[in-house]
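Chain order of the listed sequences is A and B.
Mind the numbering: the first sequence is residues 143 to 338 in the working numbering, read in order.
Mind the numbering: the second sequence is residues 143 to 338 in the working numbering, read in order.
By construction, these hints were calculated from the structure, which means they are not laboratory data.
A couple of the hints might just be wrong.
[Stated by the list, open to error] Taking CB as the label site, the calculated pair distances span:
#	chain 1	residue 1	chain 2	residue 2	range
1	B	Pro338	A	Arg333	14 to 22 Å
2	B	Ala150	A	Asp179	22 to 30 Å
3	B	Gly334	A	Arg288	47 to 55 Å
[Unchecked claim] Covered stretches of chain A, as calculated for chain B (at least 3 residues, CB under 8 Å):
#	segment
4	201-209
5	215-225
6	279-291
7	306-314
Ideal Cβ placement from N, Cα and C applies to all residues, glycine included.
Number of protein chains: 2
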Amino acid sequence: VARPRRSADTRTKLLEEGVAQFLANGFHGTGIKAVLDSVGVPKGSFYNYFESKEDFGAATVRHYSEGLAAAFDRCLAAADDPVSGLDDFFEWEMRLHTDSGFGGGCLVGNLGAEVEHDGPCRNALVACHAAFRARIAGALGTGQERGLVRTDIPAVELADLLVDTWEGALLRMKMQRSVEPLRQCKDHLLRGYLQP
Amino acid sequence: VARPRRSADTRTKLLEEGVAQFLANGFHGTGIKAVLDSVGVPKGSFYNYFESKEDFGAATVRHYSEGLAAAFDRCLAAADDPVSGLDDFFEWEMRLHTDSGFGGGCLVGNLGAEVEHDGPCRNALVACHAAFRARIAGALGTGQERGLVRTDIPAVELADLLVDTWEGALLRMKMQRSVEPLRQCKDHLLRGYLQP
């Protein structure tokens, strides 16, 4: 039996093109053929890398979330305190969205709104959304210990509020094609409601 | 020239089926044929009612938003004060989503995340999102005049924050299949941050 030829490099290229196309066109609006054409991979070899479009969607969501988590950890590690680290991370995201002309938004939010049915893709979305909330809650918890964040509400609940508002602000950013909704979210919550 | 046979009743049925199917499957995941089959309308007569799928999407978004606005106005008119009216409206939405098993979410939010390209559908989404924000801002402004809402932040900005958080909470409701995110949003903002 011939062994399918696979390369980690091609897989990563497919995932990065997946992030771009799912962000631009949604799950149902993205065709596998267009992804393969962009990367220059023949149609037949898609199944060497992924079992199905669902499976590709799930892997793309995980790839996107790993990138986001790495950026988050970088910002937190470089900052003097967790609230400044969160601020830096949100600023980094704001630059990213400004540079891309306020299209796209958040892949987890976009596909989370669109993919209703149970399956690998929804499972990946739920897991990545929860992992991101846990990261934010961790930073806010450390902030509470250092007296930088209000302690009358659990860090997990504050994280939920921050993530919910950020997701809604990303949606409004897309509607208004402006970074202002993201700045408002940061000012009202991180520099407002969350303060001790 | 034969005049196309149209009925307002059939148009409304198509729009209501459109709301249900776009909520369940997104814009790209919804086929016009499935909508027509559900309502029992032959394929050929779709174009008696709508110019295109885009045009149908735009009309569906407007139909959905009119229903939401009517419910909002009913809640505000029946309540003693605008903050209680907002609370009643959010409670009404929470019952609606609980009854539908936390699927669907907000049509404007879902399609707003998905429909990137300029056109009638995006225009309708932007207009309906703005109209809803204006309704909330109006209620909060009256609340400010009556001393029920903090006045150090403009009502429009508070409305943006409330709508953003609600949209993000609807997304998390879909992820967690629970009404809890919506309740958290209401408690933290309407009964927390927005208080005088």
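Tested hints:
1. B/Pro338 / A/Arg333: 14 to 22 Å: Since B/Pro338 and A/Arg333 have Cβ atoms about 20 Å apart, the given range 14 to 22 Å holds.
2. B/Ala150 / A/Asp179: 22 to 30 Å: violated (45 Å)
3. B/Gly334 / A/Arg288: 47 to 55 Å: Hint violated: Cβ distance 23 Å, outside 47 to 55 Å.
4. 201-209: The restraint on the segment 201-209 of chain A is violated, since only 0 of its residues have a Cβ under 8 Å from chain B and three are required.
5. 215-225: Per the Cβ count (0), the hint is violated.
6. 279-291: violated (count 0)
7. 306-314: holds (count 8)
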